[in-house]
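Asker: One line per chain: the protein sequences are X, D and P, in this order. If you're matching positions, the first sequence starts at 187 in the numbering used here and goes up one per residue. If you're matching positions, the second sequence starts at 12 in the numbering used here and goes up one per residue. If you're matching positions, the third sequence starts at 416 in the numbering used here and goes up one per residue.
Read the hints as simulated data drawn from the structure, not as lab findings. Some hints could be false.
[As the list claims (entries may be wrong)] Computed cross-link-like contacts, DSS-like style, restricted to lysine-lysine with a CA-CA straight-line distance of at most 25 Å: (1) D:K18 - X:K310; (2) D:K227 - P:K508; (3) P:K460 - P:K508; (4) D:K225 - P:K508; (5) P:K682 - P:K706.
[Unchecked claim] Residues from chain P that keep clear of chain D, each with C-beta distances beyond 10 Å, as calculated: (6) K441; (7) E448; (8) M504; (9) A553; (10) L684; (11) L685; (12) G718; (13) D726; (14) E743.
Glycine included, each C-beta is placed from N, C-alpha and C at the ideal position.
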Amino acid sequence: MTEAPAQACPAPVRSGDGLWKRRWARLRRNKAALFGGAIILLYLVIALLAPFLHLGDPAKPNLIKALERPSVEYLLGTDELGRSILSRIVHGSRISLLIALGVVSLGLVVGVPVGLISGYYGGKIDFVIQRLTDMVLAFPGFLLALALVAIIGVGLENTVISIGISMIPIYIRLVRAQSLAVREQVYVEAARAVGTRDPKILLRHILPNVMVPIIVQTSLGMGMAILFAAGLGFLGIGVQPPQAEWGAMLGSGRSYLFNAPHVATFPGIAIFLAVLGFNLLGDGLRDALDPRVKV
Amino acid sequence: MLQYTVKRLLSIIPVLLGISVLLFIMLQALPGDPAQVLAGEMASQEDVERIRVQLGLDQPVYVQYGKFLWRLIHLDLGRSARTQNPVTQEIWARLPNTVSLSLAAIFIACLLGIPAGIISAVRPYTWLDYLVTSGALFGISMPVFWLGLMLVVLFAVILHWLPAGGTGGIEFYILPSLTLASFVMAFIARMTRASMMESLNQDFVTTARSKGLKEKVVIIRHALKNALIPIITVIGLQFGMLLGGSVLTETVFAWPGIGRLIVDSIHARDYPMIQGTILIFGLLYILVNLTVDLLYAFVDPRIRYD
Amino acid sequence: MNQEPQDLGPGLPGAEGPLLDIEGLKVSFRVYEGRVTAVDGVDLKVNHGETLGLVGESGCGKSVTAMSILRLLASPPATIQGRVRFEGMDLLKLSADQIRRIRGNSISMIFQEPMTSLNPIMTIGRQISEAVMLHQGASRDEAWERAVEMLRLVQIPSPRQRARDYPHHMSGGMRQRAMIAMALSCRPQLLLADEPTTALDVTIQAQIMDVMLRLKEEFQTAIILITHDLGLIAEMAARVVVMYAGQVVEEADVRTLFKEPLHPYTKGLLGSIPVLGRKFETGRTDLQEVKGVVPSLLELPLGCRFNPRCDRVMARCPSDPPPLVEKEGGRKVRCWLWA
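Excised from the complex, chain X in its bound form (with noise of 0.2 Å):
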């Protein structure tokens, strides 16, 4: 029987609440995450009924109507090519929103599995992951896939590819990291000692708890990978005209930033909303799911 030192709240004792439930009580409770969390869906509404909100085509030059000023007719004006701004933010929304779920599907599906391996297994296995990873680690995220597209080449399958590539070994290292410590716990030594096998144990014990940094990361991965796809855009190695990514859509705007600024400007606000949303979902994620005591 031990009894830590009270130094602020002791909690209480409940019962009967499941674990999930408290949860999300105090994800709800977080005012920042939801309003980060209304913000993505909000992006998701807009992505989905993009065809049909008849913004006018985002791919059509009309070079009559070129560098327009916002106006009634074109809330957000029009570009270089006289497309409108509003349509092209909000195809361009559907392109983001698709690239951030593909950068994060490849990092789930190839580093969750490995990590769990690298982690639970220990020994030969683990060390040839970890030095692999180092080596893929060795470089900054954003230089890595500036480096692979440098390779496979542009475009927006390519560019979902190579960020996704870098995003892997993140999660790699996060679920090994919570593997190694899950592996330590008595219920799984309880397990084994029953005569569980290796992929149940895997499966059913470790994995569950190891869901919280997985789910917090990849919300935050999501963000990550909007601004990375902005910034190969913006270098105009990333997704390719004529599609509407923000961060090309910034590149080109960036030649009329001293005559029409609202070119630049507003995709660039599309990118913060988004990566903003993310990120406070992220943290309050973080907030509900892993609480520490607070001071």
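Based on these hints, arrange chains D and P on the given structure of chain X.
Answerer: Below, chains D and P without anything else, positioned relative to chain X:
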């Protein structure tokens, strides 16, 4: 400590090898005739043949790799397909620009970020804390290149206070280094806050208070010193973000550094140059991380005295 | 374990009365689910040089009581009411500067986990000298000498070399002794010991107890010994206070408490100690326990807080909270059986 240092130094070797393998694969993965690719579009047939022999492109893969590794060790990175100058020469000319900008950025980031994080942790849930945390949140959500463009619009176009690009005296440094620093500063502030809050929650802080020490002493001498140790490692990682960011920032501000070089090279398909610049970035990052790891070991007595 | 309590004699009230006089201490915390009262109207007296045992299960409020004396609880979540008089001064009314002068100087505290309670990146010697330099104006060298001397007093071998060690170089027992050295370095009049042996091996516990007893003799320090370990109480305390769910339920001198516990909870605690040889003597092999669980502070029973678990519960217990009643010999008990 010695053991740790040796181990750390040795661990670099596989990473360096890995980078060389990566670069080698990169070359092999390119479509078309590698010799032609390396020589560039403007090279003569003689140049192409010379390169073919030099790299042993008609020989088996492992021979090629061996030659490649040999050349790397001798810092022979070939010639730029665009300018026909040696790659090392081009990089060397631009390296100081990138390094100076990165150093300025990290300096600003630490100078502003760490105190902000500390204040935020010591006065949590006050308006000051909310200011810092929201600011930091904005900082990590904002695309670096967009911030740069907006700053240019504000300070160069509208206010005419600062130049929009190029290099030179200190006024040319201000906007690019601020832009570059923004993300890192925000990240450092968040990490500092988290680390400080965790440190302040530790038992030994209560013990320090129970001895009657002044609150300021408790915060600085006890909590902060412990909190800074993990932050040192974070700064090393942040340098990586800086390198990535420098590619974008240098493009925005037309800064003659390696970042812009790599972008131009990618556009021009100047593969020797791409290889060289990636190698340099990798080396820089490894070097910084090594320094940070050794520093960390030195500062933490749990590692130093074992 | 020796069950016979040692006779340490009653404490000596000083000319001005008890050293520490806590009256009506009430500590509550604002949590999300409401307001939680961890300490609900506690009275306590400690005389000069006396060892008072504070016993109870986890969550009963004993640590919170000790932390409130030195005002170590973070005050926005915590609200502290009542009077804590130390040598006549009400500690709760002192300014921040004044209470800091008391901490580590007149009243010291040692904690349960010596590994986490010591600063991992500061040498032991430095951590001990800090208090000495602060409260006694000593120079760095003088303070260092005092630190070495203290380490010698707590029986740490080669104290001069040890003073330059970091906490992780020491074993658990040594660390706790270093903590004791740190706490007693300025010769405080009162030492608050919060579960000092709980985290240690049984054999080390004996060493620590030994050190504490000898130092207490040497410095005539009063001690509030907080623990759930009744054996420790038997060896070290002169008087005992038993707490349950934030309230004092019994108070007596140690011999009387062990011989004749009044409150059913105390009886249950004492009864649950396994006695060697009992099977041989009585043929009984089952362990006695106090049935039930400590109630959540958010859902305290009305009436007597112990009543759901009491084996002698009466009709009025669930509805009528019993007051703390003083009996002869300075005994106190909170139970309708003896009200």
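Asker: Work down the list of hints and note, for each, if the structure agrees.
Answerer: Okay, the hints, checked on the actual structure:
1. A C-alpha spacing of about 18 Å is found between K18 of chain D and K310 of chain X, which places the hinted pair at or below 25 Å, so the restraint holds.
2. Proximity of K227 of chain D to K508 of chain P is assessed by CA-CA distance (about 22 Å); at most 25 Å being required, the pair is judged to hold.
3. Simply put, K460 of chain P and K508 of chain P have alpha-carbon atoms about 18 Å apart, close enough for the 25 Å limit, and the pair holds.
4. For the hint linking K225 of chain D to K508 of chain P, the alpha-carbon distance of about 18 Å falls within 25 Å, and the restraint holds.
5. Note on K682 of chain P and K706 of chain P: the hinted pairing holds, with a Cα-Cα distance of about 13 Å set against a maximum of 25 Å.
6. Once the 10 Å rule is applied to beta carbons, K441 of chain P is consistent with being away from chain D; the minimum gap is 22 Å.
7. Every CB of chain D lies more than 10 Å from the CB of E448 of chain P, the least distance being 19 Å, so the non-interface label holds.
8. Annotated as non-interface, M504 of chain P keeps its C-beta farther than 10 Å from every C-beta of chain D; the closest such distance is 15 Å.
9. The Cβ of A553 of chain P sits about 14 Å from the closest Cβ of chain D, beyond the 10 Å cut-off, so the non-interface label holds.
10. No Cβ of chain D comes within 10 Å of the Cβ of L684 of chain P; the nearest lies about 27 Å off, and the non-interface call holds.
11. The non-interface label for L685 of chain P is consistent with chain D: the shortest C-beta to C-beta separation is roughly 31 Å, beyond 10 Å.
12. Separation of G718 of chain P from chain D is adequate, the least Cβ-Cβ distance of about 36 Å exceeding the 10 Å criterion.
13. Distance to chain D confirms D726 of chain P as a non-interface residue, since its nearest Cβ pair spans about 38 Å, more than 10 Å.
14. Residue placement check: E743 of chain P keeps its beta carbon more than 10 Å from all beta carbons of chain D (closest about 38 Å).
When the structure is compared with the earlier hints, no violation turns up for any of them.
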